[in-house]
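Trainee: Residue-level listing of the chains:
2 protein chains.
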Amino acid sequence: MAVAEKALSYGAFSVGDGRPRIGVRVDDSVLDLSGTAAAHRRPYADLVAGPVLNPLMAAGPEVWAEVRDDAREWVLNEPLIALSDVTPHLPFDVADYVDFYSSEHHATNVGRIFRPDGEPLTPNWKHLPIGYHGRAGTVVVSGTDVVRPDGQRKAPGDPVPTFGPTRRLDIEAEVGFVVGVPATRPVPLADLDRHVFGVVLLNDWSARDIQAWEYVPLGPFLGKSFATSVSAWVLPLAALDDARVPPPPRTEPLLPYLEDAGTAPWGLDLALEVEINGTLISRPPFASMYWTPAQQLAHMTVNGATLRTGDLFASGTVSGPTREQMGSLLELSWGGRDEIPTGAGKRTFLEDGDEVVLRATASNGVSLGEVRGRVLPSRHTR
Amino acid sequence: MAVAEKALSYGAFSVGDGRPRIGVRVDDSVLDLSGTAAAHRRPYADLVAGPVLNPLMAAGPEVWAEVRDDAREWVLNEPLIALSDVTPHLPFDVADYVDFYSSEHHATNVGRIFRPDGEPLTPNWKHLPIGYHGRAGTVVVSGTDVVRPDGQRKAPGDPVPTFGPTRRLDIEAEVGFVVGVPATRPVPLADLDRHVFGVVLLNDWSARDIQAWEYVPLGPFLGKSFATSVSAWVLPLAALDDARVPPPPRTEPLLPYLEDAGTAPWGLDLALEVEINGTLISRPPFASMYWTPAQQLAHMTVNGATLRTGDLFASGTVSGPTREQMGSLLELSWGGRDEIPTGAGKRTFLEDGDEVVLRATASNGVSLGEVRGRVLPSRHTR
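Chains as they are written, first to last, in UniProt numbering: chain C, 1 to 382; chain H, 1 to 382.
Keep in mind the hints are simulated off the structure, nothing from the lab. Misleading hints may appear alongside valid ones.
No copy is singled out in the list; a pair is fine if it fits within one copy or between any two copies.
Result set (EDC-like, lysine to aspartate or glutamate): computed pairs, CA atoms no more than 20 Å apart in a straight line [what the hints assert, rightly or not]: (1) K346 with D46; (2) K154 with E119; (3) K346 with E370; (4) K154 with E252; (5) K154 with D27; (6) K346 with E324; (7) K154 with D242; (8) K154 with E259; (9) K154 with D46; (10) K346 with D269; (11) K126 with D352; (12) K346 with D17; (13) K126 with D158.
Being a predicted model, the structure only gives us computed values, none of them experimental.
So here's chain C without its partners, still in its complex pose:
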């Protein structure tokens, strides 16, 4: 594959004790974009001066294309730094973080596990992409350790809740979409790529016992808010143009603002991988997602909610139809019933010291990189 066709992704990095700069990653090398753009006196140099991508993200598709054209040339002709010599930082300041629930397979599995006698999907599920706001302040960059959270846990048979470390620490393999250009009006389906700068892999760490006790009636809170990991390098959305595919057939009519039949599709053919302690345990297919990022963005703004640069919205757990395609341990262990072999023994949920890596590759050959995190013991037990 020629370099010109290779994916270039954007991040924030430092070397030694230096201030974070903006870099372009290509394979296992990094171009110092901050320094190179300044040296070449590019008009956008201030936007990529660091320490975060937000100014570039806000500048819009024309500037993004200009920077990408330059970067394609510079990764061939300018000095590069070895990826192993840089420290990655959170690549953008997160404004609001929204998490969706857009895999029909995941939502169906969760429904079957928790409500075995009821309909697995709630009545609203096929009419709108269900979502909720998460904690923006605890979004962390790949490589950050995750401390096992403490909280209230109550099993169905317990008379009262107890306090302590979660016993059901889980992952959720997701894809996150990073908003660049703000909006003060609802964003129609066709405008996704005018607002979204790029894509990250995202691990929505979840404490299932804390979540189960707290979430009725207002949704997940402390079961999710301790940490959400994102990959260090943001892949421009434009790099996935060749990986766009139609989403699954819709089985309920959609209201006009969500109706994407006849529009250019925004399903994405991405092959995810979930690895725990070096063992590949699942291959979730993103093309199976029922709701697309274009529908998620249209829904999120249809009530007049404004968008800011740095808004992050995630797909929800990606799960395919088969066991080996499930994107959470809750599903892979079927609610803790079955054990999953990993490189450090069998698991239902995560143990202290476990390391989780999510990776993804698009059908056009472009890599989305990885998001990595290791579990540390709870504060309570140390």
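Since the structure of chain C is already known, use the hints to place chain H on it.
Mentor: Chain H in isolation, oriented as in the chain C frame:
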């Protein structure tokens, strides 16, 4: 009351086309704190240079006290600007916004309206302060108009949802707590005033039909995310020291991190008022809140979630035990059944053009000011 004992509150204001500056409000006048601190070469002058309170908020209680001592003198001896001559701005950059659900009367009313045959409170309600994350990017300053949101609405008898303006636009009368000093460890009950800078009034606008259709299983989303109004002037938490009262008796034992028996109490005796179109329709008593802000902050951080300067957490709707003390139209109209007289006719929910004002006064005589907003027609119908 001597000026030295009067409440001084902090905000961001501009005059004409000027850049927002930090001001101190006393009664109907404003001191230009940015200019006065600079002129007096105070060491904290950079922290109050504007355009927002965040640097001052981050500086901590010792600096807050120093600024307050100066401001008490300056409002007597320096020139003041008439409140009517300034334009207020959102006084702080909101980091994460969390909304609690801490009034037993409100939660019980909502349970009775929506689940008349079941237990009104969910089993977790007396064990933890239920909360969820809201949208930080749509927190707006008092006086900002609120556009009626569009969205999916489905009444129980409808076969499918329809799209259009909410038919059940509501208010929620709340008190918000503004975090100044960050935290990377759980915040114990006794440390509330080391982290919280001040207090605002907050109107958590709610579209009940959109919320009812969307909120199972992950909680409120578009029914709340279109706008949340806060008062323009932040009252320092220290100004409410004399208004602290014990919270209501607890009817379930609390886990140690929430157990506040034997600690200095953080109930607050604040008398709220809800006015629609000039008619006082309710007087919610904040002292009736079951969960205190100290418990909310301890709970919010017990899982290791970090705090940032600008984090805003709100009490949830304040409702007392009687009809004339309810803090939402959902309760006042008992789910839309009863009409409420206002200065512009009877209401169940809000009509376009309605103006809502929330006010509050503490038992020590200190005013929390007001939060005001007017309803504009939806984008869909204009």
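Trainee: Against each hint, give a clear statement of whether it holds in the structure.
Mentor: Results for each hint:
1. Proximity of K346 to D46 under the C-alpha cut-off of 20 Å is found in neither arrangement, the shortest distances being 50 Å within a copy and 56 Å between copies.
2. In this assembly of identical chains, the alpha carbons of K154 and E119 lie at most 20 Å apart only when taken from different copies (19 Å versus 24 Å within one copy).
3. In this assembly of identical chains, K346 and E370 lie within 20 Å of each other by CA distance neither inside one copy nor across copies; the values are 23 Å within and 58 Å between.
4. Proximity of K154 to E252 under the C-alpha cut-off of 20 Å is restricted to the inter-copy arrangement: shortest distance 15 Å between copies versus 37 Å within a copy.
5. For a Cα distance limit of 20 Å, the shortest separation of K154 from D27 qualifies neither inside one copy, at 46 Å, nor across copies, at 50 Å.
6. For a Cα distance limit of 20 Å, the shortest separation of K346 from E324 inside one copy, 16 Å, qualifies, whereas the shortest one across copies, 59 Å, does not.
7. Taking the shortest Cα distances, K154 and D242 never come within 20 Å of each other, neither inside one copy (47 Å) nor across copies (38 Å).
8. In this homomeric assembly, K154 and E259 come within 20 Å of each other (Cα to Cα) only across copies, at 18 Å, whereas the closest approach inside a single copy is 41 Å.
9. Proximity of K154 and D46 under a CA criterion of 20 Å is satisfied in neither setting, with 52 Å inside one chain copy and 49 Å between copies.
10. Neither within a single protomer nor between protomers do K346 and D269 lie at most 20 Å apart by alpha-carbon distance, with minima of 31 Å and 54 Å respectively.
11. With identical chains, the CA atoms of K126 and D352 are never at most 20 Å apart, being 38 Å at best within one copy and 31 Å at best between copies.
12. In this assembly of identical chains, the alpha carbons of K346 and D17 never lie at most 20 Å apart, being 40 Å within a copy and 65 Å across copies at closest.
13. For a Cα distance limit of 20 Å, the shortest separation of K126 from D158 across copies, 16 Å, qualifies, whereas the shortest one inside one copy, 35 Å, does not.
Violated hints, in rising order: 1, 3, 5, 7, 9, 10, 11, 12; the structure is consistent with all others.
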